[in-house]
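Start from the sequences, fold in the hints, and give me the full structure.
The opening position of the sequence shown corresponds to residue 1 in full-length UniProt numbering, with each subsequent residue numbered one higher.
Hints were generated in silico from the structure; no laboratory data involved.
Treat the hints with caution; some may be incorrect.
When the alpha-carbon atoms are kept at most 20 Å apart in a straight line, the in silico EDC-like pairs for lysine to aspartate or glutamate are as follows [to be verified]:
| # | residue 1 | residue 2 |
| --- | --- | --- |
| 1 | Lys220 | Asp233 |
| 2 | Lys274 | Glu337 |
| 3 | Lys301 | Asp252 |
| 4 | Lys352 | Asp233 |
| 5 | Lys289 | Glu214 |
| 6 | Lys299 | Asp238 |
| 7 | Lys201 | Asp238 |
| 8 | Lys202 | Asp252 |
| 9 | Lys120 | Glu162 |
| 10 | Lys120 | Asp140 |
| 11 | Lys300 | Asp42 |
| 12 | Lys220 | Glu368 |
| 13 | Lys202 | Glu214 |
| 14 | Lys352 | Asp273 |
| 15 | Lys201 | Asp224 |
| 16 | Lys220 | Asp360 |
| 17 | Lys301 | Glu229 |
| 18 | Lys289 | Asp254 |
| 19 | Lys215 | Glu364 |
| 20 | Lys202 | Glu229 |
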Amino acid sequence: MLRPSRLARPLARASFRSSPVPTASRAFLSQRASTRATQDFDLNKLNSQRRDYERNRTAFLAAGAIAGIISFVYTAWKLKKALDVQDKTAVKCDAPIPTEAFKTEAGEKRKVVLHDDEGKEIVPTGYSVVPTFPRTLDIDQPRAENADGPVAASVSNSAGVEYTLVGLGMRTVTFIGIQVYLVGFYVATQDIERLQHYLVKKINPLATTLIPSEKDLLRKALRDATEGEQTWDSILRDAGCRTAFRIVPVRDTDFHHLRDGFVRAIQARSGRDKAYGDEAFGAAMKEFKVLFNRGQVPKKKELLLSRDARGTMAVLYGEGDHTQHAGRSLLGTISDERLSRLLWLNYLAGGKVASEKARDNFIEGIMEFVERPVGTVATQIL
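And the structure:
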């Protein structure tokens, strides 16, 4: 058998290496490259579709949220408008009550004071459901005679301590300002001198009355969240002024609703200070809650919160007619002065109060006191 020569072997190897790739191999490689390109194209397409889906989904969700907010605001506005119309038609006066301030011949700014059928002075509120507030109130420091009834014993029919109106305002809730009740701040007429003395001396220790520039300083101090709270806290602790809040709902409510608002206000302030964490304050809070375990409070009824010189708070409930002195009933008393002080501060001072308009009106009423010499009981007109 013949063997190829040594020269023929390299030529044979070279010839094998340079031979073209078979057709089947080329087709396989071409198909594989095409498949890879198709897969890459499909992934890019899917990613693009996913991005479009997410973008459209976000847009639809945002549009739905905006539409929901607009619908909520519109519904709330329509509800408030309907309630306002109902309030305006609930009580109609024979003649419009003037509420705008006027100036006396001396240039002093005063508000209108009217007289009721019995000749007692009343102050227009500007609200039709409760059109007027009494300028003065007679309030007893009552004693409960029968705590077993649905409402504790009526206060005595004897003449009580006279209180003078400092200012009033409307308590509202929610961002659309639903009106809940009117609140008036009263100071015992005999204690106005104490209040005058404290506030005047705060600004000018040598003065007996404040001039306009000093009144502006006092007004600014009382409106300041920190300084105003410190001032009223000191007055309530040390001045010995007897004060009261007269609350009259402008729509039907209940004792539980009022209680919850009071309790939240007290807890918001007591939670910032460890001085209110003892058992005595906790017991006072429980007593306070029990006082309001009652039923409905129709609009135009009267709820009185009075605070004596020692800080004892009495809660009274009546018909809402200030001429019916004997019609008020005692719900109970709370002897821990810290509780009433915190509740009072909820209306008078701090970064957040129950009603900004009421607080501003209280401050303007205070200005009426300090512009007169200490020791004189001035004619208080808001």
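Given pair status - Asp224, Lys201, alpha carbons within 20 Å: holds, 18 Å
Pairwise hint evaluation, Glu368 against Lys220, where the allowed Cα distance is 20 Å at most: holds, 15 Å
Lys299 paired with Asp238 [C-alpha distance capped at 20 Å]: violated, 36 Å
Pair hint outcome, Lys274 versus Glu337 [Cα-Cα no greater than 20 Å]: holds, 16 Å
Distance restraint between Lys352 and Asp273, which requires alpha-carbon spacing of 20 Å or less: Since the Cα atoms of Lys352 and Asp273 sit roughly 17 Å apart, the hinted pair holds (cutoff 20 Å).
Given hint Asp360 paired with Lys220 - CA-CA distance at most 20 Å: Given pair Lys220, Asp360 holds - Cα atoms ~11 Å apart, limit 20 Å.
Restraint status (C-alpha distance of Lys202 to Glu214 at most 20 Å): holds, 10 Å
Hinted pair Lys120 and Glu162, Cα distance within 20 Å: With Cα atoms ~13 Å apart, Lys120 and Glu162 stay inside 20 Å; holds.
Given hint Glu229 paired with Lys301 - CA-CA distance at most 20 Å: violated, 30 Å
Restraint check for Lys215 with Glu364, where alpha carbons must lie at most 20 Å apart: Holds. Lys215 to Glu364 sits at ~10 Å (cutoff 20 Å).
Pair hint Lys201 and Asp238, alpha-carbon separation not exceeding 20 Å: At roughly 14 Å apart (the allowed maximum being 20 Å), Asp238 and Lys201 satisfy the hint.
Restraint check for Lys120 with Asp140, where alpha carbons must lie at most 20 Å apart: holds, 19 Å
Hint violations for this structure: numbers 5, 6, 8, 11 and 17, all remaining hints satisfied.
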